[in-house]
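**Student:** Starting from the given sequences, assemble the full structure and let the hints guide the process.
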Amino acid sequence: MRQANRQALLQHALFSEEFTAADAMGSTGLTRATVLGLCSDLESAGWLQEVAEERGDGAARRGRPARRFALRDDAAVIIGIDAGEHSLTARVADLRGREIAAARTAVGGAAVGAAARVEAVRQLIDCVVEEAGARTSRRLLTVVGVPAPVDGQGRSPHGENDFWPSMNPGFVDALDGEVLVENDANLAVIAEHSLGGSEHMGALLMGERFGAGLIVDGRLLRGADGGAGEMRFLDVVLEDSRGADGVAALARRWSVDALAAGQESPALSAIPRGELTAVDVFAAARAGDALAVAVLNRIGARVARIAAILASLLGVQRIVLAGAISEAIGPVLDHARAILPEITSEPLPELIASSLGRDVVVRGAIEHALSRLRADPLELLGPDL
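Per our numbering, residue 1 is the first one in the sequence shown, and the count goes up by one each step.
Simulated from the structure, these hints should not be mistaken for lab results.
None of the values given here were measured: they were computed from a predicted structure.
We treat Cβ as the ideally placed atom computed from N, Cα and C, and that holds for glycine.
Just so you know, not all the hints are guaranteed correct.
[Said to hold, decoys possible] Label pairs and their in silico Cβ distance ranges:
id, residue 1, residue 2, range
1, His86, Ser312, 44 to 50 Å
2, Met1, Gly46, 19 to 25 Å
3, Arg253, Phe15, 45 to 51 Å
4, Gly170, Asp126, 30 to 36 Å
5, Ala111, Ser16, 45 to 51 Å
**Tutor:** Right, dumping it as C-alpha coordinates:
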(Lines of atoms letter the chains of each structure in order from A; the text may use other names.)
(Lines give C-alpha, C1' and ligand atoms only; values in the text may rest on other atoms or scores of the structure.)
Protein backbone atom coordinates (compact mmCIF):
# COMPACT_ATOMS: atom_id res chain seq x y z
CA MET A 1 0.00 0.00 0.00
CA ARG A 2 2.82 2.40 0.85
CA GLN A 3 4.42 1.82 -2.55
CA ALA A 4 1.11 2.53 -4.28
CA ASN A 5 0.79 5.74 -2.25
CA ARG A 6 4.32 6.79 -3.23
CA GLN A 7 3.51 6.08 -6.86
CA ALA A 8 0.41 8.25 -6.69
CA LEU A 9 2.22 11.15 -5.02
CA LEU A 10 5.16 11.00 -7.43
CA GLN A 11 2.81 11.05 -10.40
CA HIS A 12 1.08 14.09 -8.93
CA ALA A 13 4.46 15.81 -8.46
CA LEU A 14 5.51 15.03 -12.02
CA PHE A 15 2.41 16.73 -13.40
CA SER A 16 2.50 19.73 -11.00
CA GLU A 17 4.88 22.67 -10.91
CA GLU A 18 4.39 22.86 -7.15
CA PHE A 19 1.68 21.71 -4.79
CA THR A 20 0.30 21.78 -1.27
CA ALA A 21 -0.86 18.82 0.77
CA ALA A 22 -4.43 19.79 -0.09
CA ASP A 23 -3.61 19.73 -3.81
CA ALA A 24 -2.12 16.25 -3.53
CA MET A 25 -5.02 15.02 -1.39
CA GLY A 26 -7.48 16.10 -4.07
CA SER A 27 -5.49 14.40 -6.82
CA THR A 28 -4.58 11.16 -5.06
CA GLY A 29 -7.30 10.61 -2.46
CA LEU A 30 -4.67 10.22 0.26
CA THR A 31 -5.02 11.69 3.74
CA ARG A 32 -3.12 14.80 4.82
CA ALA A 33 -0.95 12.82 7.22
CA THR A 34 -0.05 10.31 4.51
CA VAL A 35 0.77 13.05 1.99
CA LEU A 36 2.98 14.97 4.42
CA GLY A 37 4.74 11.78 5.51
CA LEU A 38 5.45 10.79 1.91
CA CYS A 39 6.63 14.30 1.06
CA SER A 40 9.07 14.12 3.97
CA ASP A 41 10.37 10.73 2.78
CA LEU A 42 10.75 11.89 -0.82
CA GLU A 43 12.42 15.11 0.28
CA SER A 44 14.95 13.12 2.30
CA ALA A 45 15.55 10.88 -0.72
CA GLY A 46 16.26 13.94 -2.87
CA TRP A 47 13.25 13.77 -5.20
CA LEU A 48 11.11 16.54 -3.69
CA GLN A 49 11.93 19.91 -2.19
CA GLU A 50 9.94 22.29 -0.03
CA VAL A 51 9.52 25.69 -1.67
CA ALA A 52 8.80 29.05 -0.12
CA GLU A 53 5.57 30.75 -1.02
CA GLU A 54 6.03 33.85 -3.15
CA ARG A 55 3.81 36.82 -2.30
CA GLY A 56 4.27 39.71 -4.66
CA ASP A 57 1.70 42.10 -3.15
CA GLY A 58 3.55 42.62 0.11
CA ALA A 59 0.42 41.85 2.09
CA ALA A 60 0.73 40.10 5.41
CA ARG A 61 -0.81 36.65 5.70
CA ARG A 62 -2.73 35.59 8.76
CA GLY A 63 -1.96 32.17 10.13
CA ARG A 64 0.62 29.66 9.10
CA PRO A 65 0.96 29.31 5.30
CA ALA A 66 0.45 25.90 3.74
CA ARG A 67 3.67 24.04 3.03
CA ARG A 68 4.44 23.81 -0.66
CA PHE A 69 6.44 21.10 -2.40
CA ALA A 70 7.89 20.61 -5.87
CA LEU A 71 9.71 17.94 -7.79
CA ARG A 72 13.45 18.45 -7.80
CA ASP A 73 13.84 18.82 -11.54
CA ASP A 74 17.60 18.27 -11.30
CA ALA A 75 17.44 15.13 -9.16
CA ALA A 76 18.28 13.06 -12.24
CA VAL A 77 18.59 13.45 -15.99
CA ILE A 78 17.07 11.73 -18.98
CA ILE A 79 18.97 11.30 -22.23
CA GLY A 80 17.61 11.15 -25.77
CA ILE A 81 19.65 9.81 -28.68
CA ASP A 82 18.97 9.88 -32.42
CA ALA A 83 21.34 7.19 -33.70
CA GLY A 84 20.91 7.80 -37.42
CA GLU A 85 22.81 6.09 -40.20
CA HIS A 86 25.19 8.98 -40.81
CA SER A 87 24.78 11.24 -37.78
CA LEU A 88 24.25 10.97 -34.03
CA THR A 89 22.39 13.51 -31.91
CA ALA A 90 22.16 13.52 -28.11
CA ARG A 91 20.14 15.64 -25.72
CA VAL A 92 20.18 15.76 -21.91
CA ALA A 93 17.03 16.99 -20.18
CA ASP A 94 15.81 17.40 -16.63
CA LEU A 95 12.80 15.60 -15.17
CA ARG A 96 10.47 18.15 -16.79
CA GLY A 97 11.95 17.51 -20.21
CA ARG A 98 13.74 20.86 -20.37
CA GLU A 99 16.92 20.68 -22.43
CA ILE A 100 20.15 21.11 -20.50
CA ALA A 101 22.64 20.31 -23.25
CA ALA A 102 22.78 18.88 -26.77
CA ALA A 103 25.49 17.56 -29.08
CA ARG A 104 25.78 16.17 -32.58
CA THR A 105 28.44 14.24 -34.49
CA ALA A 106 28.88 12.41 -37.78
CA VAL A 107 29.23 8.64 -38.03
CA GLY A 108 30.31 6.45 -40.92
CA GLY A 109 27.07 4.70 -41.89
CA ALA A 110 26.42 0.96 -41.86
CA ALA A 111 30.02 0.13 -42.75
CA VAL A 112 31.37 1.52 -39.50
CA GLY A 113 30.77 -1.74 -37.61
CA ALA A 114 28.82 -2.59 -34.47
CA ALA A 115 31.54 -1.94 -31.91
CA ALA A 116 32.48 1.40 -33.44
CA ARG A 117 28.84 2.53 -33.59
CA VAL A 118 28.26 1.65 -29.94
CA GLU A 119 31.47 3.41 -28.93
CA ALA A 120 30.50 6.52 -30.91
CA VAL A 121 27.17 6.69 -29.05
CA ARG A 122 28.92 6.15 -25.71
CA GLN A 123 31.37 8.97 -26.42
CA LEU A 124 28.58 11.32 -27.48
CA ILE A 125 26.65 10.57 -24.29
CA ASP A 126 29.75 11.27 -22.19
CA CYS A 127 30.28 14.52 -24.11
CA VAL A 128 26.75 15.83 -23.69
CA VAL A 129 26.55 14.76 -20.04
CA GLU A 130 29.81 16.62 -19.39
CA GLU A 131 28.45 19.70 -21.15
CA ALA A 132 25.31 19.51 -19.01
CA GLY A 133 27.41 19.43 -15.85
CA ALA A 134 25.65 16.19 -14.99
CA ARG A 135 28.54 13.75 -14.75
CA THR A 136 27.62 12.93 -11.15
CA SER A 137 23.86 13.06 -11.75
CA ARG A 138 21.79 9.93 -11.85
CA ARG A 139 20.97 8.88 -15.42
CA LEU A 140 17.37 7.84 -15.06
CA LEU A 141 16.70 6.61 -18.60
CA THR A 142 18.36 6.75 -22.00
CA VAL A 143 16.09 6.43 -25.04
CA VAL A 144 17.79 5.62 -28.35
CA GLY A 145 16.09 6.03 -31.73
CA VAL A 146 17.35 3.87 -34.61
CA PRO A 147 16.39 3.53 -38.31
CA ALA A 148 15.20 -0.05 -37.88
CA PRO A 149 12.25 -1.99 -36.45
CA VAL A 150 12.66 -2.66 -32.72
CA ASP A 151 10.94 -5.42 -30.77
CA GLY A 152 9.73 -5.33 -27.18
CA GLN A 153 13.18 -6.27 -25.87
CA GLY A 154 14.93 -3.42 -27.68
CA ARG A 155 16.45 -5.56 -30.43
CA SER A 156 16.14 -5.34 -34.20
CA PRO A 157 15.43 -8.33 -36.47
CA HIS A 158 17.75 -9.48 -39.21
CA GLY A 159 16.61 -7.98 -42.47
CA GLU A 160 17.42 -5.45 -45.18
CA ASN A 161 20.71 -7.30 -45.77
CA ASP A 162 21.54 -6.93 -42.07
CA PHE A 163 21.16 -3.15 -42.24
CA TRP A 164 18.74 -3.20 -39.28
CA PRO A 165 21.03 -4.95 -36.78
CA SER A 166 23.92 -2.80 -37.96
CA MET A 167 21.88 0.28 -37.01
CA ASN A 168 20.91 -1.24 -33.66
CA PRO A 169 23.96 -3.25 -32.58
CA GLY A 170 22.62 -4.20 -29.17
CA PHE A 171 22.32 -0.71 -27.67
CA VAL A 172 19.93 -1.99 -25.00
CA ASP A 173 22.71 -4.15 -23.52
CA ALA A 174 25.77 -2.11 -24.50
CA LEU A 175 24.92 1.28 -22.98
CA ASP A 176 25.06 2.09 -19.28
CA GLY A 177 21.99 2.34 -17.07
CA GLU A 178 18.35 1.89 -18.00
CA VAL A 179 18.09 1.94 -21.80
CA LEU A 180 15.07 1.90 -24.10
CA VAL A 181 15.57 1.47 -27.86
CA GLU A 182 12.83 2.54 -30.27
CA ASN A 183 12.32 2.98 -34.00
CA ASP A 184 13.15 6.53 -35.10
CA ALA A 185 9.87 7.11 -36.96
CA ASN A 186 7.95 5.99 -33.86
CA LEU A 187 9.82 8.60 -31.84
CA ALA A 188 9.05 11.18 -34.52
CA VAL A 189 5.30 10.58 -34.25
CA ILE A 190 5.55 10.68 -30.44
CA ALA A 191 7.21 14.10 -30.73
CA GLU A 192 4.56 15.39 -33.13
CA HIS A 193 1.74 13.99 -31.00
CA SER A 194 3.14 15.78 -27.94
CA LEU A 195 2.55 19.09 -29.74
CA GLY A 196 -1.18 18.43 -29.77
CA GLY A 197 -1.55 16.19 -32.77
CA SER A 198 -4.51 14.05 -33.73
CA GLU A 199 -5.24 10.74 -32.02
CA HIS A 200 -5.05 9.22 -35.53
CA MET A 201 -1.86 10.42 -37.18
CA GLY A 202 1.37 9.46 -38.85
CA ALA A 203 4.85 10.94 -39.04
CA LEU A 204 6.69 10.23 -42.27
CA LEU A 205 10.47 10.43 -41.99
CA MET A 206 11.77 11.36 -45.40
CA GLY A 207 15.57 11.21 -45.52
CA GLU A 208 17.32 8.36 -47.30
CA ARG A 209 14.32 6.06 -46.81
CA PHE A 210 10.68 6.59 -45.98
CA GLY A 211 9.59 5.30 -42.59
CA ALA A 212 6.30 5.92 -40.81
CA GLY A 213 5.47 6.23 -37.14
CA LEU A 214 1.76 5.64 -36.62
CA ILE A 215 -0.64 6.52 -33.81
CA VAL A 216 -4.17 5.12 -34.17
CA ASP A 217 -6.85 5.50 -31.50
CA GLY A 218 -4.24 7.32 -29.42
CA ARG A 219 -1.90 4.31 -29.37
CA LEU A 220 1.43 3.79 -31.06
CA LEU A 221 1.31 0.92 -33.56
CA ARG A 222 4.20 -1.53 -33.28
CA GLY A 223 3.36 -4.89 -34.87
CA ALA A 224 5.45 -8.06 -34.83
CA ASP A 225 9.13 -7.28 -34.18
CA GLY A 226 8.23 -3.58 -34.22
CA GLY A 227 7.67 -3.71 -37.97
CA ALA A 228 4.59 -1.46 -38.22
CA GLY A 229 5.41 1.55 -40.35
CA GLU A 230 8.12 -0.10 -42.44
CA MET A 231 7.59 0.96 -46.04
CA ARG A 232 8.88 -2.08 -47.95
CA PHE A 233 5.38 -2.58 -49.36
CA LEU A 234 6.06 0.42 -51.61
CA ASP A 235 8.39 -1.74 -53.71
CA VAL A 236 5.32 -3.78 -54.70
CA VAL A 237 2.64 -1.09 -54.78
CA LEU A 238 4.74 1.36 -56.79
CA GLU A 239 6.43 -1.36 -58.88
CA ASP A 240 9.78 0.17 -57.99
CA SER A 241 12.52 -1.97 -56.46
CA ARG A 242 13.58 1.10 -54.51
CA GLY A 243 10.08 2.25 -53.65
CA ALA A 244 10.95 3.02 -50.04
CA ASP A 245 13.67 5.51 -51.02
CA GLY A 246 13.11 8.76 -49.15
CA VAL A 247 13.00 12.32 -50.43
CA ALA A 248 16.76 12.86 -50.31
CA ALA A 249 17.48 9.64 -52.21
CA LEU A 250 14.72 10.27 -54.76
CA ALA A 251 15.86 13.83 -55.43
CA ARG A 252 19.36 12.60 -56.23
CA ARG A 253 18.35 9.50 -58.18
CA TRP A 254 15.66 11.07 -60.33
CA SER A 255 17.79 14.14 -61.08
CA VAL A 256 20.74 11.99 -62.15
CA ASP A 257 18.44 9.80 -64.26
CA ALA A 258 16.97 12.86 -65.98
CA LEU A 259 20.40 14.30 -66.72
CA ALA A 260 21.57 10.94 -68.07
CA ALA A 261 18.53 10.89 -70.36
CA GLY A 262 19.65 14.18 -71.88
CA GLN A 263 17.35 16.60 -70.09
CA GLU A 264 18.88 20.02 -69.53
CA SER A 265 19.51 21.72 -66.20
CA PRO A 266 21.96 24.63 -66.12
CA ALA A 267 22.11 24.46 -62.33
CA LEU A 268 22.51 20.71 -61.88
CA SER A 269 24.59 19.90 -64.97
CA ALA A 270 27.52 21.80 -63.48
CA ILE A 271 27.67 19.46 -60.47
CA PRO A 272 29.48 16.11 -60.82
CA ARG A 273 26.85 13.35 -60.76
CA GLY A 274 28.43 11.64 -57.77
CA GLU A 275 28.37 14.86 -55.75
CA LEU A 276 24.78 15.89 -56.48
CA THR A 277 22.70 16.24 -53.31
CA ALA A 278 19.06 16.82 -52.44
CA VAL A 279 20.06 20.28 -51.22
CA ASP A 280 21.27 21.07 -54.75
CA VAL A 281 17.99 19.89 -56.27
CA PHE A 282 15.84 21.92 -53.88
CA ALA A 283 17.99 25.01 -54.44
CA ALA A 284 17.73 24.62 -58.21
CA ALA A 285 13.95 24.25 -57.96
CA ARG A 286 13.71 27.46 -55.92
CA ALA A 287 15.65 29.20 -58.69
CA GLY A 288 13.13 27.95 -61.26
CA ASP A 289 15.17 25.14 -62.84
CA ALA A 290 12.63 23.13 -64.86
CA LEU A 291 14.27 19.73 -64.32
CA ALA A 292 14.51 20.25 -60.56
CA VAL A 293 10.90 21.46 -60.36
CA ALA A 294 9.76 18.35 -62.25
CA VAL A 295 11.70 16.11 -59.85
CA LEU A 296 10.11 17.74 -56.80
CA ASN A 297 6.66 17.43 -58.38
CA ARG A 298 7.33 13.76 -58.99
CA ILE A 299 8.33 13.36 -55.34
CA GLY A 300 5.14 15.18 -54.34
CA ALA A 301 3.11 12.68 -56.34
CA ARG A 302 4.81 9.82 -54.51
CA VAL A 303 4.17 11.43 -51.12
CA ALA A 304 0.50 11.85 -52.07
CA ARG A 305 0.22 8.15 -52.93
CA ILE A 306 1.83 7.15 -49.65
CA ALA A 307 -0.55 9.45 -47.77
CA ALA A 308 -3.55 8.00 -49.60
CA ILE A 309 -2.48 4.45 -48.70
CA LEU A 310 -1.96 5.25 -45.02
CA ALA A 311 -5.23 7.17 -44.74
CA SER A 312 -7.25 4.48 -46.48
CA LEU A 313 -5.68 1.55 -44.65
CA LEU A 314 -5.41 2.99 -41.13
CA GLY A 315 -7.78 5.94 -41.03
CA VAL A 316 -5.12 8.47 -40.06
CA GLN A 317 -6.33 12.07 -40.22
CA ARG A 318 -2.99 13.86 -40.24
CA ILE A 319 0.37 12.99 -41.79
CA VAL A 320 3.40 15.03 -40.77
CA LEU A 321 6.38 15.14 -43.12
CA ALA A 322 9.31 15.03 -40.73
CA GLY A 323 13.08 15.04 -40.66
CA ALA A 324 15.88 17.43 -41.53
CA ILE A 325 14.47 18.12 -44.97
CA SER A 326 11.07 19.22 -43.61
CA GLU A 327 12.23 22.86 -43.53
CA ALA A 328 12.48 22.86 -47.34
CA ILE A 329 9.64 20.47 -48.16
CA GLY A 330 7.12 23.19 -49.08
CA PRO A 331 7.11 22.66 -52.89
CA VAL A 332 6.77 18.89 -52.50
CA LEU A 333 3.99 19.34 -49.96
CA ASP A 334 2.10 21.79 -52.17
CA HIS A 335 2.10 19.38 -55.10
CA ALA A 336 1.11 16.44 -52.91
CA ARG A 337 -1.86 18.39 -51.54
CA ALA A 338 -2.90 19.41 -55.03
CA ILE A 339 -3.06 15.91 -56.48
CA LEU A 340 -4.34 14.07 -53.40
CA PRO A 341 -8.02 14.71 -54.34
CA GLU A 342 -7.31 13.29 -57.80
CA ILE A 343 -6.09 9.91 -56.56
CA THR A 344 -8.31 9.21 -53.55
CA SER A 345 -11.68 10.13 -52.11
CA GLU A 346 -12.64 12.01 -48.97
CA PRO A 347 -11.95 12.17 -46.13
CA LEU A 348 -8.51 13.35 -47.18
CA PRO A 349 -5.66 13.32 -44.68
CA GLU A 350 -4.18 16.63 -43.62
CA LEU A 351 -0.60 16.95 -44.88
CA ILE A 352 1.71 19.25 -42.92
CA ALA A 353 5.43 19.84 -42.51
CA SER A 354 7.03 19.25 -39.14
CA SER A 355 8.24 22.30 -37.22
CA LEU A 356 10.86 20.23 -35.38
CA GLY A 357 13.28 19.77 -38.28
CA ARG A 358 16.21 17.45 -37.74
CA ASP A 359 15.54 17.33 -33.97
CA VAL A 360 12.23 15.48 -34.30
CA VAL A 361 13.64 12.06 -33.33
CA VAL A 362 15.67 13.25 -30.34
CA ARG A 363 12.70 15.33 -29.20
CA GLY A 364 10.57 12.19 -29.41
CA ALA A 365 13.17 10.28 -27.40
CA ILE A 366 12.88 12.79 -24.55
CA GLU A 367 9.07 12.71 -24.74
CA HIS A 368 9.11 8.91 -24.65
CA ALA A 369 11.34 8.95 -21.57
CA LEU A 370 9.00 11.42 -19.85
CA SER A 371 5.96 9.28 -20.68
CA ARG A 372 7.67 6.23 -19.23
CA LEU A 373 8.59 8.14 -16.06
CA ARG A 374 5.12 9.60 -15.59
CA ALA A 375 3.39 6.27 -16.19
CA ASP A 376 5.45 4.34 -13.63
CA PRO A 377 7.90 6.52 -11.68
CA LEU A 378 8.77 3.82 -9.16
CA GLU A 379 9.98 1.52 -11.94
CA LEU A 380 12.71 4.04 -12.76
CA LEU A 381 13.29 5.69 -9.39
CA GLY A 382 13.44 2.34 -7.61
CA PRO A 383 10.90 0.25 -5.69
CA ASP A 384 12.79 0.78 -2.41
CA LEU A 385 12.45 4.55 -2.61
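**Student:** For each hint, tell me whether it holds in the structure or not.
**Tutor:** Hint check:
no., hint, in the structure
1, His86 <-> Ser312: 44 to 50 Å, "violated (33 Å)"
2, Met1 <-> Gly46: 19 to 25 Å, "holds (23 Å)"
3, Arg253 <-> Phe15: 45 to 51 Å, "holds (48 Å)"
4, Gly170 <-> Asp126: 30 to 36 Å, "violated (19 Å)"
5, Ala111 <-> Ser16: 45 to 51 Å, "holds (49 Å)"
Hints 1 and 4 from the earlier list are contradicted by this structure; the remaining hints agree with it.
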